[in-house]
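2 protein chains.
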Amino acid sequence: MKVYVVGHMNPDTDSVCSAIVFSYLLNKWKEKDGLIKIDGEAVPVIQGEPNPETKFVLEKFGVEKPEIIEDVEGKTIALVDFSEKAQAPKNIEKAEIIAIVDHHKIGDITTPNPILFVNLPVGCTATVLKKLFDWSGVEIPKELAGLMLASILSDTVIFKSATTTELDKEAAKELAKIAGIENIEEFGIEVKAKLSAVDELSARDIILRDFKDFDMSGNKVGIGQIELVDLKLIEGRKEEILEELKKMKEEGGYHTVALMLTDIIKEGTELLVVTDDASVIEKAFGKKLEGNSVWLEGVMSRKKQVVPPLENAFSS
Amino acid sequence: MKVYVVGHMNPDTDSVCSAIVFSYLLNKWKEKDGLIKIDGEAVPVIQGEPNPETKFVLEKFGVEKPEIIEDVEGKTIALVDFSEKAQAPKNIEKAEIIAIVDHHKIGDITTPNPILFVNLPVGCTATVLKKLFDWSGVEIPKELAGLMLASILSDTVIFKSATTTELDKEAAKELAKIAGIENIEEFGIEVKAKLSAVDELSARDIILRDFKDFDMSGNKVGIGQIELVDLKLIEGRKEEILEELKKMKEEGGYHTVALMLTDIIKEGTELLVVTDDASVIEKAFGKKLEGNSVWLEGVMSRKKQVVPPLENAFSS
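In the order they appear, the protein sequences are chains A and B. Start counting the first sequence at 2; every next residue gets the next number (this note's numbering). Start counting the second sequence at 2; every next residue gets the next number (this note's numbering).
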C-alpha cells in the first residue's frame, strides 16, 4: 500500500518540496527510530502544476517533479503544509490520513485514529521537517537540503516576513551548509526572482495573480499584489497595468482598484490606484497620490498594512 | 498573563500529570531552546477532582494537586491529552489556545493562528512529553519522571493495552531510571491497584464507574467495566453486584445488563450478566453462562472484544 504525501492546492515551493522531503523521511523511518512506521512506500504528489519558482528549485537540485493527483478516494495519505479540508484533494473524507506536518493555524481535518501531527508556529513546513530529521537522527541528503532551504527562503520572503522565527534562520543556516550554498541571501533573491519574471504575463495576469475583493463600508474595493525582487522589472509595464486597472474598475463596478507592487528587497510597496475618490488613499496612508501611484515605505502585507487603514479611511 | 495547562474532563492520571509536566517544560522553554516561547508563567489546572490512582501518584512523588478550573473565558491555555471540544472546559471558544500535546485521534479544535500541536500515535501523552524534553535538551526532574512513568503505566495498563508502542516502553525505562524506580512492573501494579480499591464503593458505584448504554438491534444493553489487579479483590462482592444488576435491569428496562470484571494481570474478563436471553451470550462468546457468569480469556477491551460480538449475536 503506497502512502501519498501531498501539499495544499495551488502548490507553492514549500508544499511541493515538503511533500518530496517528508516522503523521503517516512521511507527512512521504516528502517529505524521512526516516530511512525508506514507499511508501503511513501511517494510525493502535488495538486497542480508547480509555479516557475518551484520548477527552478527542482531543476537546480536535480529532483524530479512529483506526479499530479486530484482524487484521493480509498488512498492512504500524509499531508504537508495544510490541515484544512478546503485546501485538500477531492474525497479527502474517503482517504486514510496517517500523518500531518504543518506550520499554519490548526484546520478542520479530524481523524478516527491517533496519527502523527506535528505543527510548529514557524515560517515554513521545511523548518518543521528539519526538526523531524534531527529528532530522529536521519541525515539530510544534499539535494533535499537545497529544496528545504529554498522553501524557507520562499515562505519567509528571505527572512523578511513577520512569520519568520529563530528556528527558521537556524534551520536555513544548517541546510545551506549541507546543500553547499555559500550566500543564503543571494540564493534567496535568485529563488524569489523566478516569480518576478513578469515579461511573459499579460497586464491582466499580473494584476490577478493574487487579487482579492473587499467590501469597505458598502464600497467595492479590489486589491492585487505582486512581490518582486526589483521594481525595475515592472517599470516599463506600469502604463499598461494602469489601463487594465481602469478597465477592471469599469467592468466590475469598483469604487477603487489597486495593485501593490511590493519590492521585497527594499521592503516597501508602490501602490497603483484607480479610484472614484483619491482622498480616501490620502486619508489611509497619510500621503498624496502622484498621478495614480504612491510609495509606501515598509509596507509588505496587504492583510496587515493595506486593508485595515483603507477600511478605516472608508468608514470615517 | 498566565498560561493555564489543562487536560480533559473526568481527569485520569495522564491528563493530570501531563498538565503538571508540560507546565514545567513551557516555563523552562522561556530560558532557552524552546519550541515556543510563552510570555507569562505556565500553571497546571484540572477539570475535576483527581481519582484515587492519581492522588496516590501525586502524593508518592510529593507533587501538589493542581487547582480546579471550570471556565476558561478570556484565558490563555494549552491542552494536554485531548483535542476535542466535547472534552474541553467551558468557553473554550473564548480562550486563546497556544499549544496542544496529545496522543489521541485528531479532534475538532481549530485555531485562528499557528500554534504548537504535537500528537504522536503512542500509548500516553507523557511519552510525547518525554520526547519534547529530549528534543529541546531539558533535563527531567526526578519527581516529574515519576509522574510520567506512572502515567505511561496507567494509560497502557502496564504495557498490556493494544495502544502500547516501543516508544512508550523506551520512555518508561528511561523515566524509571531518573525516578529511581527499580521494578517497573511492580510499580505499575501498585499504581493500578489504587483503582482496584473497591471496598469503600457501593455495588452501584462499582457498576457505574465506567458504564455505557448500547442499542443492539432494538434491544437496550448496558455494559460496565472495572479493571482490577486481582479478581480476588471483588470476590466477596459478586452476589451483591448481581442483585444490583438485576435492580438496574428492572429500573432501566434493559434486555441485558453486564459488568466486565477485568483482571489486568491475568489478562481476561469475568462477565457478570443478567439478561432476558442467555443464548445471546453463548452465541456471542461461544461459551455458556454458569449461573450469571462467564470467564472470557484474553478479553480486555469492551470496545473491541465485547460490543462487536454481542452486536453480531443480537443481529443474527
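It is worth saying that the hints were derived from the structure and are not from the lab. The model shown is predicted, which means the values in this text are computed figures rather than measured ones. Check the hints yourself; a few may be wrong.
Because identical chains share one entry, a pair is satisfied inside a single copy or across any pair of copies.
Stated by the list, open to error - Only pairs whose alpha carbons sit at most 30 Å apart, straight line, appear in this in silico DSBU-like list of lysine-lysine:
id: 1; residue 1: K143; residue 2: K248
id: 2; residue 1: K95; residue 2: K106
id: 3; residue 1: K106; residue 2: K304
id: 4; residue 1: K250; residue 2: K95
id: 5; residue 1: K304; residue 2: K178
Within a copy, between copies, both or neither: where do K250 and K95 come within 30 Å Cα-Cα?
-> neither (42 Å within a copy, 40 Å between copies)
Since the copies are identical, ignore which copy is meant and state whether K95 and K106 lie within 30 Å (CA to CA) inside a copy, between copies, both or neither.
-> Result: close both inside a copy and across copies, 23 Å intra and 16 Å inter.
At 30 Å max between alpha carbons, let me know whether K304 reaches K178 within a copy, between copies, both or neither.
-> neither (34 Å within a copy, 51 Å between copies)
K106 and K304: within-copy, between-copy, both or neither at 30 Å Cα = within (16 Å within a copy, 33 Å between copies)
Status of K248 relative to K143 across identical chains (alpha carbons, at most 30 Å) | Neither way: K143 and K248 sit 49 Å apart in one copy and 71 Å across, limit 30 Å.
When each numbered hint is compared with the structure, violations occur for hints 1, 4, 5.
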